[in-house]
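Trainee: One letter stands for each residue in the lines below.
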Amino acid sequence: MSEPLLALRGLNAWYGEGHALHGVDLDVFPGETVTLLGRNGVGKTTTLRAIMGLIRKRTGTTTFGGRDLMHMPLHHVARAGLGFVPEERGIFSTLSVDENLNLPPVVAPGGMSLDEIFTLFPNLKTRRNSQGTKLSGGEQQMLAMARMLRTGVKMLLLDEPTEGLAPVIVQRIGEVLAELKARGMTILLVEQNFRFARRIADRFYLMEHGKITASFPVGELDQRMALLGEVLGV
Amino acid sequence: MTDLGATARQASATARLEWLLVGLGVAGLLAAPFFLYPIFLMKIMCFALFACAFNLLLGYTGLLSFGHAAFFGGAAYFCAHAVKDWGWTPEAGILLGTVGAALLGLVMGFFAIRRQGIYFAMITLALAQMFFFFCVQAPFTRGEDGIQGVPRGHLFGLVDLSQPLNIYYTVAAIFLIGLFAIWRIVNSPFGMILRSIRENENRAVSLGYSVANYKLAAFVMSAALAGLAGATKAIVFQFATLTDVTWQMSGEVILMTLLGGIGTMIGPAVGATLVVTLQNTLATSGFPVTIATGLIFMICVLLFRRGIVGEIYAKLPGIKK
Amino acid sequence: MIFGIPLQAFLGQLLVGLINGSFYAMLSLGLAVIFGMLKIINFAHGAQYMFGAFVGFLLLQWLNIGYWPALVLAPLVVGVVGMVVERTMLSRLYSLDPLYGLLFTFGLALVIEGVFRYCYGVSGQPYAAPDALSGGTNLGFMFLPNYRGWVVVSSLVVCLGTWLAIEKTKLGAYLRAATENPKLVQAFGVNVPVLLTLTYGLGSALAGLAGILAAPVYQVSPLMGSDLIIVVFAVVVVGGMGSILGAVITGYVLGLAEGLTKVFYPEASNIVVFVIMAIVLLVRPAGLFGKDA
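Chains as they are written, first to last, in this note's numbering: chain A, 1 to 234; chain B, 235 to 555; chain C, 556 to 848.
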């Protein structure tokens, strides 16, 4: 296999005094969709935030396309090609849907055009002039994803995109992710719902107490069910 | 790592050291007029008490008032007016000044505690400016001239305060009583609640404290003690003028507290000593005081926010505030 | 006659109120813009206003550069100096309690004011209105000095223009988004630190522009900003800083209220803004347009 696009080695991170990540090793290869599984509070969101540089108190190495992310100013990380879709979605209430969509600067050629985005998310087109936070939860999630697709990033970090959404919307998001994958997007997905994740993921990482405790391809999912049931409590 | 016994011994050693320092300080205060100009020392004591009173609010309750000149200068006017125009004795004048400042604090605090943080600062500044305009226009303050030639009179009708040592020891007594009052307030259960409000206002609310009342009480106490300092200053210098009610004066007391150490017991007094000394030095040098004051502000905020005493505490482990 | 006051005098005071209101509006606009992004109350705003007036005055004295070029140069100079201050010093304070920003800019205000006081004393220096705007116009019901009309119109244009720029442009969208969640905007690849510097520069430049506009109305004096800024703080408390438009409207309304007070009860004219502030605090503690506590 080729070089990983994103590589974490011995990543530690702290929230204030709280030690949240204890040496995380993780690879995501180009075009791959990798899902990070784990219970609430084990450090999945922290991992994404530490990769983006939203948490500055961290040690270890993080490289993206061979470039060191650890010493990069926060606003250079997106320019390197990483798009972040936070768990709380981060839709701006003082911006219209259109403004939210156009907010993140284009960092590389090859992003989707507005027309392509509206084909993928027709709801957004009809609500272009609404206030961003007036959208439904599902629409806000679509918007949070859509605005990163315009920018030409090579990789998406998605934090629990299906959380709290109706099954029909979860279905739709699954289709969108499959479509992105088909277009060659690399995806690191944090998810609790592995029934959703198994439809699109190539590989899984299991996280417990700030550490990666297991790693396996999607084909081994069934034989790992007992372990997953125990660790995830499902 | 030290065990608990060692920590306790260290703490009691620290307490003994603190009492020793207090004893030395009082002795120094009693001996000082034989070595330094009493009028200079009295000025320092008035401003030191003012700054410590201000710190009761900023350092122990977390409220930044930008209007404390109203209490300091207002009390000076009340006291000077009572002593000069009504012929009151100095202690009655000082008492009136203190009570007047407390009432002023009650009114200003009533409005100001409705907002927090920087809004609180802006509101106190605006209300104090309103009081400044009142002082400019009210007849009893005599406008730009101020109340001049206030007689020092006889304390309790007995002690002639025109004698330098008599007034000096009177001011020293007021200063020590004021500091003792602040020390008692800070270390009382009431003071503990103030500190918990400073640390986390929402938690204090959820614990069931009526935070607004505590804040107002702290504001009034701080105003009264600032008034005590201002009224005493009017007796010492025998005048009360607009200078003491300006926003610049409110800024000066913030500077003294910041420079000495916000939230430390003696920091503001140290800061007041330095600022008054600096002003006296600059007055003869021709370098503008405003620029120096502004620069010290900027340097303090950028480089040592704990203030001089706060930095010393931070460097000496095991010494509690 | 209106309420027993001659119409001319009444309108005259109203105009004075409108002029004052124009400056309140421009200054509280700048304060609100800076506060929104930096979460810092810029105490130096009054000093920067004075600085702007002095830049105009000194350009004329030293280089014989007149009003119209100064109208561009003064805000530029004040804005650039503001950006240097932000980059070198103010930016170190963002992670701290906002009170430190207030104290720092207070110190900065003292330094700026002290320097000009040291060089020019406390008395005011006259600065003439440009020839094109001297004289006045008879409106039929009152006589309007042209320069005062110009001040009102240009302040309206500046306030409206700033508001539109923030509400309708891409840069404005960055500003609004960064006001809500600066970290996320930066994680999208926007250089938020530079945005903060530009914002402080813009706010400072607005103060400088107000200063040069004010120079022919009031005299150019080192003290012209410090008393004004306290009134503007009261305006900001009344309006709340959550809304740009709210800050502007409150500025004009309180200026007019002050003018009206001069007609009916002149003794109270310099405290009426503070009285209104106190009443608003009783009725609506968060301010007329404010959402924040």
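Read the hints as simulated data drawn from the structure, not as lab findings. Just so you know, not all the hints are guaranteed correct.
SDA-like, lysine to any residue: derived pairs with alpha carbons at most 20 Å apart [as the list claims (entries may be wrong)]:
no., chain 1, residue 1, chain 2, residue 2
1, C, 594, C, 673
2, A, 154, A, 30
3, A, 57, C, 725
4, C, 725, A, 218
5, A, 211, A, 184
6, C, 723, A, 218
7, C, 725, A, 211
8, C, 738, A, 30
9, C, 594, B, 378
10, C, 725, A, 129
11, A, 154, A, 96
12, B, 318, B, 330
13, C, 723, A, 96
14, A, 181, A, 96
15, A, 154, A, 203
16, A, 181, A, 128
17, C, 738, A, 102
18, A, 57, C, 594
Here the structure is a predicted model, which is why all the values come from computation and not from measurement.
Trainee: If a hint holds in the structure, say so; if it doesn't, say that too.
Mentor: Results of checking the hints against the structure:
| no. | hint | in the structure |
| --- | --- | --- |
| 1 | C:594 - C:673 | violated, 32 Å |
| 2 | A:154 - A:30 | holds, 9 Å |
| 3 | A:57 - C:725 | violated, 32 Å |
| 4 | C:725 - A:218 | violated, 43 Å |
| 5 | A:211 - A:184 | violated, 29 Å |
| 6 | C:723 - A:218 | violated, 47 Å |
| 7 | C:725 - A:211 | violated, 41 Å |
| 8 | C:738 - A:30 | violated, 27 Å |
| 9 | C:594 - B:378 | violated, 38 Å |
| 10 | C:725 - A:129 | holds, 15 Å |
| 11 | A:154 - A:96 | violated, 26 Å |
| 12 | B:318 - B:330 | holds, 13 Å |
| 13 | C:723 - A:96 | holds, 10 Å |
| 14 | A:181 - A:96 | violated, 28 Å |
| 15 | A:154 - A:203 | holds, 18 Å |
| 16 | A:181 - A:128 | violated, 26 Å |
| 17 | C:738 - A:102 | holds, 17 Å |
| 18 | A:57 - C:594 | violated, 23 Å |
When each numbered hint is compared with the structure, violations occur for hints 1, 3, 4, 5, 6, 7, 8, 9, 11, 14, 16, 18.
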